[in-house]
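In the working numbering, the protein residues as written are 80 to 396.
Treat the hints as calculated values from the structure; they're not laboratory data. Keep in mind that the hints are not guaranteed to be accurate.
Derived pair list, reagent style DSS-like, types lysine-lysine, alpha-carbon separation capped at 27 Å [what the hints assert, rightly or not]:
| # | residue 1 | residue 2 |
| --- | --- | --- |
| 1 | K302 | K144 |
| 2 | K144 | K232 |
| 3 | K119 | K302 |
| 4 | K302 | K232 |
The following label-pair restraints were derived from C-beta to C-beta distances [said to hold, decoys possible]:
| # | residue 1 | residue 2 | range |
| --- | --- | --- | --- |
| 5 | R219 | A242 | 48 to 58 Å |
| 6 | Q329 | D216 | 16 to 26 Å |
| 7 | A390 | R219 | 38 to 48 Å |
| 8 | S195 | V114 | 28 to 38 Å |
| 9 | A197 | A242 | 20 to 30 Å |
| 10 | G352 | A127 | 37 to 47 Å |
| 11 | L363 | P118 | 44 to 54 Å |
| 12 | G151 | A308 | 29 to 39 Å |
| 13 | G179 | D122 | 22 to 32 Å |
| 14 | K194 | E384 | 48 to 58 Å |
| 15 | D305 | L394 | 31 to 41 Å |
| 16 | R336 | G126 | 17 to 27 Å |
| 17 | R158 | G126 | 38 to 48 Å |
| 18 | T350 | S195 | 42 to 52 Å |
No residue lacks a Cβ here, since even glycine has one placed at the ideal position from N, Cα and C.
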Amino acid sequence: MCVVCGCADGGDGATQAHGHGHEEGHDHGHDHDHVHVDPKHGDLHFGAGAARVSVPGMSQARTVKLEADILGENRRIARQNRGHFQAHGVTALNLLSSPGSGKTTLLCATIEVLKSRAPHVDVAVIEGDQQTSFDADRIRATGAPAVQVNTGKGCHLDAPMVAEAFGQLHSHDHHHHGHGEAAGSLLFIENVGNLVCPALWDLGEAAKVVVLSVTEGEDKPLKYPDMFAAAELMVLNKVDLLPHLRFDVQRCIDMARRVNPTLQVLQLSATTGQGMDAWLDWLLEWTAPRDASPHALRARVAALEAELAQARAALES
Numbered sequence: 080m081c082v083v084c085g086c087a088d089g090g091d092g093a094t095q096a097h098g099h100g101h102e103e104g105h106d107h108g109h110d111h112d113h114v115h116v117d118p119k120h121g122d123l124h125f126g127a128g129a130a131r132v133s134v135p136g137m138s139q140a141r142t143v144k145l146e147a148d149i150l151g152e153n154r155r156i157a158r159q160n161r162g163h164f165q166a167h168g169v170t171a172l173n174l175l176s177s178p179g180s181g182k183t184t185l186l187c188a189t190i191e192v193l194k195s196r197a198p199h200v201d202v203a204v205i206e207g208d209q210q211t212s213f214d215a216d217r218i219r220a221t222g223a224p225a226v227q228v229n230t231g232k233g234c235h236l237d238a239p240m241v242a243e244a245f246g247q248l249h250s251h252d253h254h255h256h257g258h259g260e261a262a263g264s265l266l267f268i269e270n271v272g273n274l275v276c277p278a279l280w281d282l283g284e285a286a287k288v289v290v291l292s293v294t295e296g297e298d299k300p301l302k303y304p305d306m307f308a309a310a311e312l313m314v315l316n317k318v319d320l321l322p323h324l325r326f327d328v329q330r331c332i333d334m335a336r337r338v339n340p341t342l343q344v345l346q347l348s349a350t351t352g353q354g355m356d357a358w359l360d361w362l363l364e365w366t367a368p369r370d371a372s373p374h375a376l377r378a379r380v381a382a383l384e385a386e387l388a389q390a391r392a393a394l395e396s
């Protein structure tokens, strides 16, 4: 879990991102009682403890506390982001996947189709990668504004990064619509390619969309369950390649819904255009007036349920 594992570690044990370092004097024991060992094969499961992760030199209790502190601060800024997006009439969608799933190709195709189908919808993109501006350059070539966020050693975007990037966007400067007014703008946040860490981080988005390409294997939802559990929609991309692959579409969908029974699924090909109409329909529902959008209602219910769960956890701690 990148909150505490040191994905932004500078090599001396001090986490560089946002000034969160490992405190001196914490437990340096190597107690691995939380590890589950399969008696048949000897397989090891290091996610069996309270923290669901093993960090060298750190107890489970310390790991849980550190994660709670860091994610708590991130949630605070995510709430500010959410309010900021709403004030500008922007629906933010967090796109997540492993590298090479076709997220950027999907975004470029989406922007081009929206120009003719829904020219009234403003689109902007925040691009997340460890290095380079390749993806942001591809987005800007479509005419849509984009800001690249390079995370260095970091493996995900966080709420402070998104807040700064949103402030840089041209659409932020020139399309202020007043608090509470639904302006029909879409902000795509293309996260760093990673099916693990980005699932944990609330960026202030209205929904998470996980993009899975058919070249990756249908077992990914069970191998990386946190990502699919956090998503509202799974886009199964590159379906034009199915005739050349051994990929069981229904098995993949069944596995995804074992993790998340309410997960919506769309099948498409960003290169051929197959299935793009359904994807555009799904997106444009988000730009409908708030009281008419089922997505907005589901997102609001999910947010209230999350707040209730946090309040219950605080009372029980």
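Here is how each hint holds up against the structure:
1. Of the pairs offered as hints, the one joining K302 and K144 holds, with about 26 Å between alpha carbons and a cut-off of 27 Å not exceeded.
2. For the given pair, K144 sits about 23 Å from K232 by alpha-carbon distance, which is consistent with the 27 Å threshold.
3. In summary, the hint linking K119 to K302 is supported, as the alpha carbons are separated by about 20 Å, within the 27 Å threshold.
4. Taken as a hint, the K302 and K232 pair is honoured in the structure, with Cα atoms around 24 Å apart against an allowance of 27 Å.
5. About 21 Å separates the C-beta atoms of R219 and A242, a value inconsistent with the hinted range of 48 to 58 Å.
6. In this structure the supplied range 16 to 26 Å is violated for Q329 paired with D216, their Cβ-Cβ distance being about 38 Å.
7. A hinted range of 38 to 48 Å holds for the C-beta pair A390 and R219, which are about 42 Å apart.
8. The supplied range of 28 to 38 Å is broken by S195 and V114, whose beta-carbon atoms lie about 55 Å from each other.
9. Restraint check, A197 to A242: a C-beta distance of roughly 27 Å satisfies the suggested window 20 to 30 Å.
10. Evaluation of the 37 to 47 Å hint for G352 and A127 yields a pass: the beta carbon distance comes to about 45 Å.
11. The beta-carbon spacing between L363 and P118, approximately 53 Å, falls within the hinted interval of 44 to 54 Å.
12. Taking 29 to 39 Å as the suggested C-beta distance range, the pair G151 and A308 does not conform, at roughly 20 Å.
13. A hinted range of 22 to 32 Å for the beta carbons of G179 and D122 is consistent with their spacing of about 28 Å.
14. Taking 48 to 58 Å as the suggested C-beta distance range, the pair K194 and E384 does not conform, at roughly 37 Å.
15. The hinted range of 31 to 41 Å is not satisfied by D305 and L394, whose Cβ atoms lie roughly 25 Å apart.
16. A beta carbon spacing of about 22 Å between R336 and G126 agrees with the range 17 to 27 Å that was offered as a hint.
17. Distance hint for R158 and G126: a CB-CB separation of about 28 Å, inconsistent with the stated range 38 to 48 Å.
18. The beta-carbon spacing between T350 and S195, approximately 18 Å, falls outside the hinted interval of 42 to 52 Å.
Of the numbered hints given earlier, the model fails hints 5, 6, 8, 12, 14, 15, 17 and 18; all others are met.
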